[in-house]
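**Q** Chain order of the listed sequences is A and B.
If you're matching positions, the first sequence starts at 1 in the numbering used here and goes up one per residue.
If you're matching positions, the second sequence starts at 1 in the numbering used here and goes up one per residue.
Hints listed in this document are in silico derivations from the structure and should not be mistaken for laboratory results.
Cβ atoms here follow ideal geometry from the backbone N, Cα and C, with glycine treated the same way.
Take these hints with a grain of salt, some might be off.
Stated by the list, open to error - Label pairs and their calculated CB-CB ranges:
#	chain 1	residue 1	chain 2	residue 2	range
1	A	Phe-167	B	Glu-75	48 to 58 Å
2	B	Lys-517	A	Met-42	47 to 57 Å
3	A	Ala-426	B	Asp-24	39 to 49 Å
Said to hold, decoys possible - Chain A regions said to be covered by chain B (calculated; three or more residues, Cβ under 8 Å):
#	region
4	129-138
5	298-306
What follows is each chain in one-letter form.
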Amino acid sequence: MIVKDVVCPFCGCLCDDIEVDVAENRVVAVTNACELGTKKLMGEKRMKNPILRDGDTWKDITYDEAIRYTVDMLTHAERPLLYGWSGTHGEAQCVGVHMAELVRGVIDNTSSVCHGPSILAIQEVGHPGCTLGVVKNRADLVIYWGANPIDAHPRHLSRYTRYADGFFLENAFRDRKVIVMDVRKTETANIADEFVQIKPGGDYAVLSALRAIVRGKEDIVPRTVAGVTREQLIRVVDLCKAAKFGAVYFGLGLTMTRGKYKNVRNAIELVSELNRHTKFTISAMRGHYNVYGSNEVNTWMTGYPFGIDFSRGIAFYNPGETTAVDILARKECDAALIVGSDPAAHFPRSCLKHLADIPVVQLDPYPNATTAFCNVQIPVAVTGIDAEGTAYRMDGVPIRTRKVLSTSYPSDEEVLSRIYREMQEAQAV
Amino acid sequence: MSEILIKNACVIDPLRGINAETMDIAIRDGRVVEEVSGAAEVIDAHGALTLPGGIDSHTHICGTKVNFGRYMSPEDMRAGRTPRRGPMHATSGYSVPTTYGNSYRYSAMGYTTLLEGAMAPLEARHTHEEFTYTPLQDTMANALFDGNWGIMEAIRDGDTKRVAAIIGWTLSAVKGFAVKLTNPGGTEAWQWGKNVSCIRDPVPYFEVTPAEIIRTVVEANELLHLPHSVHLHCNNLGTPGNYTCTLGSLGLIPDLNPKRQTLYATHVQFHAYGGSGWKDFCSKSEPIANFVNMRPQIVIDMGQVMFGRTTTMTADGPMEFNLHRLHHDKWSNHDVELETGSGIIPVVYRRKNLVNSVMWAIGLELALLTKSPWQCLLTTDNPNGAPFVRYPEIIALLMSKKYRDAEFATVHPDTSARAPLPAIERELDWYEIAVMTRAGQAKALGIQDLGKGYLGPGAEADVAVYPIHIDEVDPSTDYRKVIEAFGRTEYTIKRGRVVSRRGECLVDGSNATFWVKPKISDNYDMGKDPDFIEKFDRYYTVRMRNYPVQEEYVNRSRCIETEAEI
């Protein structure tokens with residue numbers, strides 16, 4: 001059976017034109033998806049049931065036992081951390097916020113280690129953006145800055161930019177220019193019309209120089225800025241000003257390098273400046289398929305996109321203090337619930353050391369690096385494969401993922417709702 | 001079976017012509033009934049003012065841009081934090097509170113029904129998700145059609161029925177309630193960084209004018225027999241001299257519906273400006289109100305500005321960019337493919353500022369100069385003019401000349417030369433306030449047939465009991481008591497359950513979402529139209545099959561089916 005218009009649950013592009021061939025309740029072929037999406041949709045080896053650490057080994061337990069363990073862990077913790085959330089659907093994220101509120105815990109999502117700096121920049125200067133289709137239909141100039149979509153968001157170029165024909169661009173490949181700004185010549189840089197190689201750590205300086213040129217102050221720009229010649233910078237500004245519609249997409253090469261949120265702030269202000277000459281937008285290349293959704297859910301429920309601390313009863317937010325890495329590094333939290341992410345693969349060693357010392361429960365369909373640090377792992381359905389749910393694309397467009405297989409795995413929402421209900425009952429006693 | 005008897009209520013119920021009569025209200029299973037059994041829970045109102053639950057026909061509480069208003073403003077979130085308490089969740093925010101914050105605060109003020117003023121169809125799912133977390137009010141949303149490509153192409157082809165067909169298909173797909181036009185044509189032009197200056201400018205590429213969009217969409221709206229009229233945010237918002245553009249837009253509207261208005265013009269305060277620039281900026285509330293007084297087919301809302309900090313957010317993207325250049329604070333913009341856009345900036349309205357002072361005066365003037373309260377509804381375009389928590393002050397300003405004069409003495413001294421407010425003696429009475437905040441709102445939205453906005457048998461039991469005895473209070477002098485009373489009900493009853501008591505919420509809500517589904521003939525079913533499908537596939541980035549909002553998202557779905565004429 002072929003299921004059409006399936007939504008890919010891999011990256012922030014959330015491509016929704018995938019065809020999945022299902023036979024005997026297994027995915028046997030995937031059409032339209034990129035390599036990353038295909039791999040996810042084809043599936044990996046799943047865990048059969050929840051497992052509990054038992055000395056140096058694991059023992060199988062039931063869902064009831066796993067849920068009871070989690071309820072006990074969270075209700076007895078003084079400062080629990082509820083982390084992850086980017087690899088699950090919005091409905092589960094909502095339950096997560098209610099749980100954090102109930103146990104006066106800290107809830108944080110993976111954006112604190114990816115686009116958290118972008119959010120901080122937006123909180124200072126705003127965000128002139130648009131949906132991906134606006135770019136596909138209009139943009140005659142696209143800039144990728146510190147991003148390498150060919151490897152990380154493989155269909156971004158074909159669905160929305162380089163190869164995507166649109167209403168006002170009948171031949172995008174010919175009519176649309178692509179500029180890549182990066183510290184190294186990536187695969188994406190190879191297909192760009194203009195590649196600007198910036199010395200590592202030099203993004204802020206280059207952005208400042210571009211802003212100066214846009215403002216007509218090219219005389220004060222030195223002959224080279226972070227390895228980029230003044231002539232090339234002027235050429236980039238000329239291309240920007242000549243565009244009818246320009247779009248900047250930036251990745252972790254801008255948010256997580258020297259300057260961090262100030263880089264993004266500078267980029268947003270460059271775009272704001274360019275809007276005085278032509279139309280320009282800027283957007284973040286979000287990683288997980290629903291990392292933006294966890295920002296949205298947290299915001300409408302607590303007021304803040306990530307790093308929310310309920311220990312005072314109210315929602316308190318101070319990134320750098322209330323974010324997962326900081327709480328683990330300070331050895332503050334005494335229990336952790338990890339949902340839809342793999343912190344062990346990304347967090348600093350000192351954080352992992354603390355994670356190994358405290359009780360940890362992970363909800364994830366697959367074993368991953370964090371499994372090694374957890375006391376209980378609860379396998380769940382994969383949203384977009386054997387569970388439905390809401391996901392927000394990198395541009396804020398919400399889509400309902402489709403269920404293509406029937407399995408007996410409970411969804412994240414089902415497991416979390418049971419934990420929440422039992423926590424409420426435990427508190428009422 | 002749950003029963004409540006509210007005894008000794010001083011009821012004002014304008015849709016039934018009841019003005020301050022002491023009576024009992026019997027409630028069974030969420031509806032007002034003739035009588036209840038002796039087992040009913042009795043609430044003694046002790047003669048307190050009792051009104052149908054408040055309705056806000058234009059507010060921004062849920063959806064993409066509202067949430068982005070929160071996202072970009074941690075400083076606003078810090079301004080209104082409350083902890084989890086009983087069934088109440090923690091809340092944050094002042095001008096753009098969290099969904100729970102909106103719901104609890106509206107409920108404390110006696111509001112039970114809210115209309116989200118602008119929802120981009122492509123992102124409708126988000127609005128519905130937030131509605132789920134706005135538990136104490138029934139909700140509905142206007143869908144934006146101002147820059148819709150399919151509609152502009154149909155208008156260019158002179159095909160009004162196709163316009164109606166596209167609106168009908170889209171409203172059903174996204175579970176919208178009514179048609180919103182925000183700066184028609186201007187939001188499309190803004191996707192090239194441009195704007196339209198008024199109703200005769202052509203929209204780039206599509207070569208239709210805002211006047212054509214407004215007129216055709218108004219006609220299409222009536223072909224679909226939608227409960228509400230077209231909800232229009234005029235072109236050229238916020239610029240000196242824009243009142244002529246507003247008059248031109250209102251002048252386009254024929255009288256097409258005997259039951260309700262044909263056009264709802266929103267936040268008219270922002271569209272009633274005279275002068276040729278900021279230096280000679282002045283109020284033109286008089287010509288606008290005079291025009292409305294002669295046109296029963298038009299209802300407006302105030303869009304009152306109140307001094308202080310707030311966040312502006314609108315689908316009018318170019319206007320927000322212009323305002324950003326004026327204020328130099330942060331700016332967000334979000335264009336939506338094939339449909340519309342939006343912008344957000346924080347602002348502070350200051351008494352010391354002449355323009356802000358005149359704006360404040362204009363809103364009040366519109367309400368006082370419009371003869372019929374059914375034609376001018378009380379809003380701030382929350383949070384654009386001010387957060388909705390300022391409504392009690394606005395009510396008091398409308399009821400008290402003394403309060404207005406006291407406030408006027410604190411604004412910019414040149415305001416008196418620019419605005420007629422000091423010369424207006426009118427003081428609105430309780431009945432008129434009840435019209436402007438519930439009965440008139442229900443009538444304008446076309447939801448009185450669904451049991452909204454009145455307290456007679458068959459009505460939804462949405463009731464607000466305010467701690468004030470109107471025979472003991474003279475609002476023209478005791479305006480502080482008016483503010484206090486409208487700020488916090490004694491009881492707010494939503495669909496027959498006491499949801500809020502003296503500002504404390506008592507239960508989780510059981511909110512419903514109202515949406516429309518026009519029945520359209522197969523010939524005009526856009527879901528089967530090859531051209532529509534092809535355009536959709538080629539230019540949207542979401543597949544047509546993944547576009548409609550599934551039933552799962554609609555809380556206690558209340559679908560209003562209409563018989564379309566196409």
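**Q** Are the hints correct? Go through all of them and say.
**A** Evaluation of the provided hints:
Between Phe-167 (chain A) and Glu-75 (chain B), the C-beta spacing of about 39 Å breaks the proposed range 48 to 58 Å. At about 39 Å, the beta-carbon gap between Lys-517 (chain B) and Met-42 (chain A) misses the expected band of 47 to 57 Å. For the pair Ala-426 (chain A) and Asp-24 (chain B), the supplied restraint of 39 to 49 Å holds, since their beta-carbon distance comes to about 43 Å. Only when three residues or more bring their CB closer than 8 Å to a CB of chain B does the claim for the region 129-138 of chain A stand; here the count is 9, and the claim holds.
A stretch counts as covered by a chain when three or more of its residues have a beta carbon under 8 Å from one of that chain; for the region 298-306 of chain A and chain B the count is 7, and the coverage holds.
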